[in-house]
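Quick note, the sequences are listed as chains H and W, same order. According to our numbering, the stretch in the first sequence is residues 1 to 397, in order. According to our numbering, the stretch in the second sequence is residues 1 to 722, in order.
Some clues are possibly wrong.
To be verified - Quick list of in silico lysine to aspartate or glutamate cross-link-like pairs, EDC-like style, CA-CA up to 20 Å:
hint, chain 1, residue 1, chain 2, residue 2
1, H, 381, H, 358
2, W, 667, H, 389
3, H, 7, H, 56
4, H, 248, H, 295
5, H, 18, W, 279
6, W, 659, H, 336
7, W, 261, H, 389
To be verified - Distance ranges between label pairs, derived from CB positions:
hint, chain 1, residue 1, chain 2, residue 2, range
8, H, 336, W, 608, 46 to 52 Å
9, W, 691, H, 301, 40 to 46 Å
10, H, 33, W, 489, 51 to 57 Å
11, H, 129, W, 606, 19 to 25 Å
12, W, 715, H, 283, 24 to 30 Å
13, W, 496, H, 350, 55 to 61 Å
14, H, 335, W, 680, 23 to 29 Å
15, H, 336, W, 700, 54 to 60 Å
Just so you know, the hints here were simulated from the structure itself, not pulled from any lab data. The beta carbon of each residue, even a glycine, is placed where N, CA and C say it ideally should be.
Below, each chain spelled out in residue letters.
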Amino acid sequence: MTTFTIKTYTENVERMYKLFDGEKLSQLVSLRDAHVPDWSYLSDYSPPDIADVVQDSCGKKPIYKLIVGHLLCVKALYDKEYLEAYGQQNQCIKATLMLLNLTEQNWCLPLLHTVCLELRLLAEKTEASLKQSHGYVLEMCSEVILSCFKICAADPKSDEQTKKLAMLYLAIQLFKVYFRLNKIHLHEPLAKAIHDTGYELWEKFPLKQKITYKYFLGRIAMFSLKNRLADELLSYVFDACHGKTQKKLVLTYLIPVKMMLGYMPNVHLLEKYDLLQYLGLMVVIKDGDLKGFNEVMEEHESFFISAGIYFIVEQLKVIAFRNLFRKVYLARNDSEIAFIDLLAALRMKGHDYVNSDEVISILANLISERKLRGWMSYKLKKLFVCELDPFPQLITI
Amino acid sequence: MTENSSKEPPIQTLSGMPPNTNPWMYGVYHQYNGYHGGMFPQFYNQQYFNQMGNNGAYQNDNQQYQNKDAKPGFGHPQFSKPPPPLLGMSPFDASRPFNNQSPIRFNLAGNRKSAPLPPNENPLLANNNNNNGKKKRKKGNQATNEAGTVLMPPLPDHPPPLPPCPPPDLPKPPPPPLDVPLPPPIATEDIPEPPEEPKCENNEKELENVVPNDNSSNFFNSSSMQNSAGTWPDSLERYIKRCYEKCRTHIDRDQIDICLKGRITAAANKDEIWTRNWDDEPIPSVHSERNNLSVKPVRGTLSLYQKCEAVELNKNKSLSSRNFNTHKSSPQRRRKAHSRSRSKSKSPPRKRHSTSSASSDEIEEKKSFKNKGRQKVKDRLSLDQKKPEKYQKNIKKKAFNQFNVEDLQGNAEKLQKRAQRFGNANVPTIASSLQANRPSEVYKRLEPCPKRPIIQTTEGDYELNNMHIVGTCTDIEKSFLRLTKAPEACEVRPVTVLRNSLRNVKERWINRQDYRYACDQLKSIRQDLTVQGIRDNFTVEVYETHARIALEKGDHEEFNQCQTQLKMLYSELPDCRANEAEFKAYRILYYIFTNNTLDLTTIFQFLSKEDRENECIKHALNTRCAWATGNLHKFFTLYKTAPMMASYLIDWFVDRERKNYLKFIIKSYRPSVPVDFIVRELAFESTSKCFEFLNQFPVSYTGSDQNHIDCKASLSVCQNNI
C-alpha cells in the first residue's frame, strides 16, 4: 500500500509538472503541506528503496530528483535527522533549478520559492538542533539561496515570463538569514540588483513581497542610523500591512525612529499595540529626565535587547539632553545661559557624576548637529542661543 | 538627525575607504608613543611573564608600578618623564616601516583574496569551466549512469526494479509525533506578511497563469492521443522531426520536448494545428546552440546563465560527487576558487589584470571578514560588467588549451582536499574557523544518500581530514609557510617543542620588539597546532599572545583572526576562560572601530551580569555609550584610563574621533578656543603632538602668540571632504 502511495504521489507530481502548474507542484513538495503528516511510514524505507520506487514510476526524468529529494527529506525529518533533511532539501533546490533551466518560462517559480523558504526553515531548525554550530548551516543556506537569486537575476528576459520575478522573494529570504547571521551588510548587492531591475519589473512584484522587502530595508536603514530613510520605509510598511501583530512589529522599530525625528507616539497607539515600554521612555525624554531615562532603559532592557534596538533607543538620550537644556532656556528666558546653570539642571535630573566638561561636550555635539542653534564662549563659560527658534523641530534638521 | 550624523565616522563615509586602511592610522600612530610608553610595556611584561609562569614577585612589582604610575595617569608627571628604556629599543619607530609596507599582512594570504573571484566558488555553479568538453564526453559516458534522464520524449524502459515493498510482516513503528515533519515556524523574526487582501493584482496574475494551463492540460492529453493515433498534419510531423534533429545532448532534447509541447498545445488551443504553416514555424533554440552563441556577444549576466546550465550538465554527470562537494563549507570552496585564480594569474596575459585588481582589492583585503563577504557577494552578482567579461575570455581560452576538463576537475579536487586538510591554518574568516570545528559527522550526514559512485574516495577524505598527524620536528624556530600539500611529520613540531617556541617568541618580543619575526613565528606555531588538531590551553595561550602583539602593533587582520579563534576556543574550552573578559572587551572596542552597531547589539545581548561588572568590559561598554551618544569628552577620558591593552585598540580609531570632536568644537565655539583646551579635550599628551594633529587641517590661529584657534575662520575643517 505504501508503494502505491509513493507511486500515486510521484504520478501526481509528474502530472503537475507536465501541466506547468507551479503552484500545485510547490504544494506537493512543500514540507508544510497536508501530505507530510501522513508519511510516517517513510521511516521504514531505506533511501535506495525510495529512490527505486520513484524511479519505477517516473523513470529518471528531471523531476525524479525533486521527488526523491523531497521524500528523503521528509523521511529524515521523521527520523529527526535535521542535517540530512537539510541536505536533501538542498537536493530539491538543485532539482528545481534544473527544472527552471529547462524552460524559458517562469511557471515553476512558486516551486523555487517554496523550496528556498523551506531550506531556510530547515537550516534554522538544524542550527537549533546542533550544539556549537556557529551558524554555518545558515551560512551555507544563504549561499545556496544566493545562487538561486543570481540565476534568476541573470535571466535576460524582462517580460511576464521572466525569472527575475523570483528575485524579491529570494532577497527577502536572504535578508532573514543575514539578520540571523548578523551580516546585514551583505544586503547591499541584493538591494542594488533589485534596484537595477527597474521600475517596470518592480511593479510586477507581488505587493506582499514589496512590503516585506521594504520592512527589511527599513530596519537596515535604522541600524545604519539613516533615520529619515528608515522612517519613510517603515511608515509605508505600517500603513500597508494588516494585522495587529505585524503592525506591532513594525511599530517596535518605527517608534524609536520617529522619536529620533522628534515625533512622540500617541498614548492610544501604544496602548492599542501593547507597546507601553515606549510610554515610560517618552515621558522621561520629554521631561529631560536623564536619571529616569537610565531607569527606563534598565527596566525594559530585555525587551529592547531582544528587539535588537537597545543601542538605537539609547541614542534618544541625546534628545533628552536637548529637552533638558530647552527647559533651562525657557526657565531663564534669556539667550545667555551659563554652563553652571546647565550643570545644575543636569545634576538635578540625576546625573550626579556629570562634570562641566561633559556638559560642554554634549552641547558641542548638539550644536554641531544643529539640534540647538547657538554657540558657546570658552572665555565666558556661557552658551548663547539664537534669538529665533533656538530649538528647531528635529524633523527640520 | 541627518544621515551623515556624527556617529558615523567621517573618514569612512567620506572617503569611502575602510577605516583601517587610512594612512593616518599608521602615519600618526607613532606620535604618542610617549603616552603609552609609561605603562603598557610594563603591562606586557606582566602579561607575558604571567603566562610564562614567572608571575610571583614580578607581578607585584608591576602592579605597584602600574598603580603608582597609571593613576595620576595621563597627568603631567608621565609626560615629563623621559621615555622608558624599552621604548628606545624599538617599539613604534622601529616598526614603522613595516607598518607602512604592511609586510605583516602576509601577502600570501593577500593573494588569495585579491585575485578577482571567479564565480565558480558558488555551490551550484561549481566547475563551470568545463562546459564544452563535458558535454561531448557526456554522450558516451552518460548511458551507464543515467540513461533514463537522457531520453525524455520516448519513455524509457526501466531497469528491473528492486523489490520495492518492505517485507510485509515488518511491524509498523508507532507514528512519530505530529510536530516532527514540518519544521514549525521557528522563532524567526517574523516578517509582517500582509494578508491576502492587498495582493489582488497578484491574484489576477496568478489566475491568468492558471487558466491557460488548465486548458493546455486538457489539450495536451487530447493532443497526445491524437499523436498516438497519428492524426497530426504532416507538416507538423516534419517540424517536430526538424526540431529533434537539432538536438545534440539530452538537455537539448528535453528542451525541445518542452518547447514543442508548449507550442503544440498552444496551437491546439487556438485550433491552429491544422491551419498553421508548420514548415515556416521557427525552430526553438536549443541549449547547446545557445551555449555556442553566448560566448561572443553577451557579457556579464549571460555568463551566469551559462554557468548554471553548465552546472546542470555536471550535475547530470556526477551528481553525487558535485553535490556532495557543495555541501561542504563555503570557506573551502572559497579557498579553492582563490587558489585557482592564483594559478591563473601566473599565465602572462592575465598578469596585468591580476596585479591591478590585486592592488585595488588590497583595500578590501585588509577588511575584516564581513567586508570580504561583501566583496564576494558583489562579484557573484556580477553587477559590474568587467569581471565577468574578463572571466569569460578565460573560459574561452581555457576550453581550448591548457586546462581540459579533466585537469580542472583533478585540480579542483586536489585543491579541495588540501583545503580541507589545512582548514584553518591561516585563514582569517570566521567561516574558516567554523570549518575546522565542524563535526565530521556533519559532513557525512550532509551527503546525499542515493547512489554515490565516489563514496569511497570521499569517505577516505573524511578520515584524512580527521586524522591529525603528530609532528617530530624539534626546531624551536620555524618560519611560516603556507601549506600547499599534506604536511610531513618531520616538518611539524609537537606541543612540547611548541611551548619552547612560544617562550622564545615572547622573550624575543620583549627584548627586541620585532613584530615581523614574532608574527611569522606565531603564525607557524598556530599552523602546527592546527595541523595536529590541538585545541587546548596552550592553543589559547598562543592565540592570546598573538592577539596582544597584533593589538599593540595595530595589525587589524591578525588581531581579528586571533580574536575570532579565541571566541570559539573559549566557547569550546570552559577551563581556559581566564582571559575571556579581557578579549570580550577588546571585541566590543573592535566593533566600535568597525562601526558595527548590529554586532555590538549582539555581543551586548550575551553579556552576563558578571561580565558587565568586569572592569575591562565595563570600560568598553562605557566607551561605547559615550561614543554612541556623542559624549566625546567622556570618550577621551575613558581613553586615558583604559585598562589592560584597551587603549591600543582605541588607538585604532581615536584619530577618527578626534577629528569628529575637533569638528564639533570648531562648529560650536565662538569666537575662539585655546589650543590648550584642545590638547586636554582630545587627550593629546603634549602641545606639539596636538599641533602635529591640527596641522593636517586648515586651522587658522589667532591670539597674541597664535595659541588660540579661530573657530569661524577654521570652519572649512568641517567641510565634508576633510
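Among the hints numbered above, which are violated by the structure, and what are their numbers in rising order?
Numbers 4, 5, 6, 7, 12, 15 - these are the hints that the structure violates, sorted from lowest upward.
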